[in-house]
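Order-wise, the sequence lines are chains A and B. Just so you know, the numbering used here puts 74 at position 74 of the first sequence, and the rest follows in order with no gaps. Just so you know, the numbering used here puts 66 at position 66 of the second sequence, and the rest follows in order with no gaps.
Possibly wrong hints are sitting among the right ones.
[What the hints assert, rightly or not] Only pairs whose alpha carbons sit at most 30 Å apart, straight line, appear in this in silico BS3-like list of lysine-lysine:
no.: 1; chain 1: A; residue 1: Lys78; chain 2: B; residue 2: Lys71
no.: 2; chain 1: B; residue 1: Lys71; chain 2: B; residue 2: Lys42
no.: 3; chain 1: A; residue 1: Lys57; chain 2: A; residue 2: Lys78
no.: 4; chain 1: B; residue 1: Lys102; chain 2: B; residue 2: Lys68
no.: 5; chain 1: A; residue 1: Lys57; chain 2: B; residue 2: Lys71
no.: 6; chain 1: A; residue 1: Lys57; chain 2: B; residue 2: Lys42
no.: 7; chain 1: A; residue 1: Lys42; chain 2: B; residue 2: Lys56
no.: 8; chain 1: A; residue 1: Lys42; chain 2: A; residue 2: Lys57
no.: 9; chain 1: A; residue 1: Lys57; chain 2: B; residue 2: Lys102
no.: 10; chain 1: B; residue 1: Lys42; chain 2: B; residue 2: Lys102
no.: 11; chain 1: B; residue 1: Lys102; chain 2: B; residue 2: Lys71
no.: 12; chain 1: B; residue 1: Lys102; chain 2: A; residue 2: Lys78
no.: 13; chain 1: A; residue 1: Lys78; chain 2: A; residue 2: Lys42
no.: 14; chain 1: B; residue 1: Lys102; chain 2: A; residue 2: Lys42
no.: 15; chain 1: A; residue 1: Lys42; chain 2: A; residue 2: Lys83
no.: 16; chain 1: A; residue 1: Lys42; chain 2: B; residue 2: Lys42
no.: 17; chain 1: B; residue 1: Lys56; chain 2: B; residue 2: Lys68
no.: 18; chain 1: A; residue 1: Lys42; chain 2: B; residue 2: Lys68
no.: 19; chain 1: A; residue 1: Lys83; chain 2: B; residue 2: Lys102
no.: 20; chain 1: B; residue 1: Lys56; chain 2: B; residue 2: Lys71
no.: 21; chain 1: B; residue 1: Lys42; chain 2: A; residue 2: Lys78
no.: 22; chain 1: B; residue 1: Lys102; chain 2: B; residue 2: Lys56
no.: 23; chain 1: A; residue 1: Lys83; chain 2: B; residue 2: Lys42
no.: 24; chain 1: B; residue 1: Lys42; chain 2: B; residue 2: Lys56
no.: 25; chain 1: A; residue 1: Lys83; chain 2: A; residue 2: Lys57
no.: 26; chain 1: A; residue 1: Lys57; chain 2: B; residue 2: Lys68
[Stated by the list, open to error] Label-pair ranges, simulated between beta-carbon atoms:
no.: 27; chain 1: B; residue 1: Ser12; chain 2: A; residue 2: Gly72; range: 43 to 49 Å
no.: 28; chain 1: A; residue 1: Glu103; chain 2: B; residue 2: Thr10; range: 37 to 43 Å
no.: 29; chain 1: A; residue 1: Arg80; chain 2: B; residue 2: Pro115; range: 44 to 50 Å
no.: 30; chain 1: A; residue 1: Leu39; chain 2: B; residue 2: Gln14; range: 26 to 32 Å
no.: 31; chain 1: A; residue 1: Val12; chain 2: B; residue 2: Val70; range: 42 to 48 Å
Keep in mind the hints are simulated off the structure, nothing from the lab. Ideal placement from N, C-alpha and C gives every residue a C-beta, glycine not left out.
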Amino acid sequence: EPEVTQTPSHQVTQMGQEVILRCVPISNHLYFYWYRQILGQKVEFLVSFYNNEISEKSEIFDDQFSVERPDGSNFTLKIRSTKLEDSAMYFCASSPRTSLSNEQFFGPGTRLTVL
Amino acid sequence: GESVGLHLPTLSVQEGDNSIINCAYSNSASDYFIWYKQESGKGPQFIIDIRSNMDKRQGQRVTVLLNKTVKHLSLQIAATQPGDSAVYFCAENFISNFGNEKLTFGTGTRLTIIP
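Could you put the whole structure together from the sequences, leaning on the hints where they help?
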């Protein structure tokens, strides 16, 4: 069964450093998402992406964040200058968004630890 | 502001019994609702969904009920098994006139199945 994959599984970085979190969505999906989950809290929407552009973003997704689909398979989330409060699990999701299904398929997540 | 929330943070159920997890939502314009299961260290896993034009939907051992009058969503799990132990999130999906969608998660209920 096709699945969303994410790398790395755990990223440790120093405050102020740039990080890039990588995702490979399911191949025939057209809609891509990033979410984050701070330890013990709910999953929060960050951004949705369709047709090579951002379609929706939350107030969390400020100028420090950017997303890119550099090729036909990868979908990346970049944090330019990490802060301590960026420590969280980051989940990528993809969706076919057909008339039959809006289901979003989630990856296993990347745990980001900012020191 | 708009929010999705869960009534109970924890629920313990005897194996074999039925469980009911509740959720309240506040965005009356939301048109699609989903229940996700999250096991420790993993990403959210789709369980069942329901559109706003329905009030009940059944899957394998799971049933989702939607009461739009009181903006309430519930997940019923029949004949619970140890593998059902996880955190369960409800989520509401709102699709704007521009076709952009945003998934808003509740805080989660931890379901523990007692052998």
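Now the hints, each set against the structure:
1. For the proposed pair Lys78 (chain A) and Lys71 (chain B), the alpha carbon gap of about 37 Å is over 30 Å, so the pair is violated.
2. For the proposed pair Lys71 (chain B) and Lys42 (chain B), the alpha carbon gap of about 29 Å is at most 30 Å, so the pair holds.
3. Taking the CA atoms of Lys57 (chain A) and Lys78 (chain A), the gap is near 14 Å; set against the 30 Å cutoff, the hint holds.
4. Simply put, Lys102 (chain B) and Lys68 (chain B) have alpha-carbon atoms about 19 Å apart, close enough for the 30 Å limit, and the pair holds.
5. Distance restraint check for Lys57 (chain A) and Lys71 (chain B): the Cα-Cα separation of roughly 25 Å lies within the 30 Å cut-off, and the hinted pair is therefore satisfied.
6. Only pairs whose Cα atoms come within 30 Å are accepted, and Lys57 (chain A) paired with Lys42 (chain B) is accepted, the gap being roughly 24 Å.
7. For the hint pairing Lys42 (chain A) with Lys56 (chain B), the CA-to-CA distance comes to about 25 Å; that is within 30 Å, so the pair holds.
8. Restraint check for Lys42 (chain A) and Lys57 (chain A): satisfied, since their Cα atoms lie roughly 17 Å apart, inside the 30 Å limit.
9. Straight-line distance between C-alpha atoms of Lys57 (chain A) and Lys102 (chain B) comes to about 8 Å, which keeps the hinted pair within the 30 Å bound.
10. The hinted pair formed by Lys42 (chain B) and Lys102 (chain B) meets the criterion: a straight-line CA distance of about 21 Å does not exceed 30 Å.
11. Using a Cα cut-off of 30 Å, the hinted pair Lys102 (chain B) and Lys71 (chain B) holds, with the two alpha carbons roughly 18 Å apart.
12. Taking the CA atoms of Lys102 (chain B) and Lys78 (chain A), the gap is about 20 Å. The hint holds against a cut of 30 Å.
13. Among the hinted pairs, Lys78 (chain A) with Lys42 (chain A) is consistent with the structure: their alpha-carbon atoms are about 21 Å apart, no more than 30 Å.
14. For the hint pairing Lys102 (chain B) with Lys42 (chain A), the CA-to-CA distance comes to about 15 Å; that is within 30 Å, so the pair holds.
15. Pair hint Lys42 (chain A) plus Lys83 (chain A) holds up; C-alpha atoms about 20 Å apart against a cutoff of 30 Å.
16. Restraint check for Lys42 (chain A) and Lys42 (chain B): the C-alpha separation of about 14 Å stays at or below 30 Å, so the hint holds.
17. Distance restraint check for Lys56 (chain B) and Lys68 (chain B): the Cα-Cα separation of roughly 11 Å lies within the 30 Å cut-off, and the hinted pair is therefore satisfied.
18. Between Lys42 (chain A) and Lys68 (chain B), the direct Cα distance comes to roughly 23 Å. Compliance with the 30 Å bound is thereby established for this hinted pair.
19. Using a Cα cut-off of 30 Å, the hinted pair Lys83 (chain A) and Lys102 (chain B) holds, with the two alpha carbons roughly 25 Å apart.
20. As the CA atoms of Lys56 (chain B) and Lys71 (chain B) are separated by approximately 14 Å, the hinted pair is consistent with the 30 Å bound.
21. With a CA separation close to 21 Å, the supplied pair Lys42 (chain B) and Lys78 (chain A) stays within the 30 Å bound.
22. Of the supplied pair hints, the one linking Lys102 (chain B) and Lys56 (chain B) holds, its CA atoms being roughly 23 Å apart against a limit of 30 Å.
23. Only pairs whose Cα atoms come within 30 Å are accepted, and Lys83 (chain A) paired with Lys42 (chain B) is accepted, the gap being roughly 24 Å.
24. Restraint check for Lys42 (chain B) and Lys56 (chain B): the C-alpha separation of about 28 Å stays at or below 30 Å, so the hint holds.
25. Taken as a hint, the Lys83 (chain A) and Lys57 (chain A) pair is honoured in the structure, with Cα atoms around 19 Å apart against an allowance of 30 Å.
26. The suggested pairing of Lys57 (chain A) with Lys68 (chain B) holds, with an alpha-carbon distance near 27 Å, which does not exceed 30 Å.
27. The supplied range of 43 to 49 Å is met by Ser12 (chain B) and Gly72 (chain A), whose beta-carbon atoms lie about 47 Å from each other.
28. A hinted range of 37 to 43 Å is violated for the C-beta pair Glu103 (chain A) and Thr10 (chain B), which are about 27 Å apart.
29. Between Arg80 (chain A) and Pro115 (chain B) the Cβ separation comes to about 48 Å, which falls inside the hinted range of 44 to 50 Å.
30. Checked against the hint of 26 to 32 Å, the C-beta distance between Leu39 (chain A) and Gln14 (chain B) comes to roughly 29 Å, which is consistent with it.
31. One distance hint, 42 to 48 Å for the beta-carbon pair Val12 (chain A) and Val70 (chain B), holds here, with the actual separation near 45 Å.
In this structure, the earlier hints numbered 1, 28 are contradicted, and the remaining ones agree with it.
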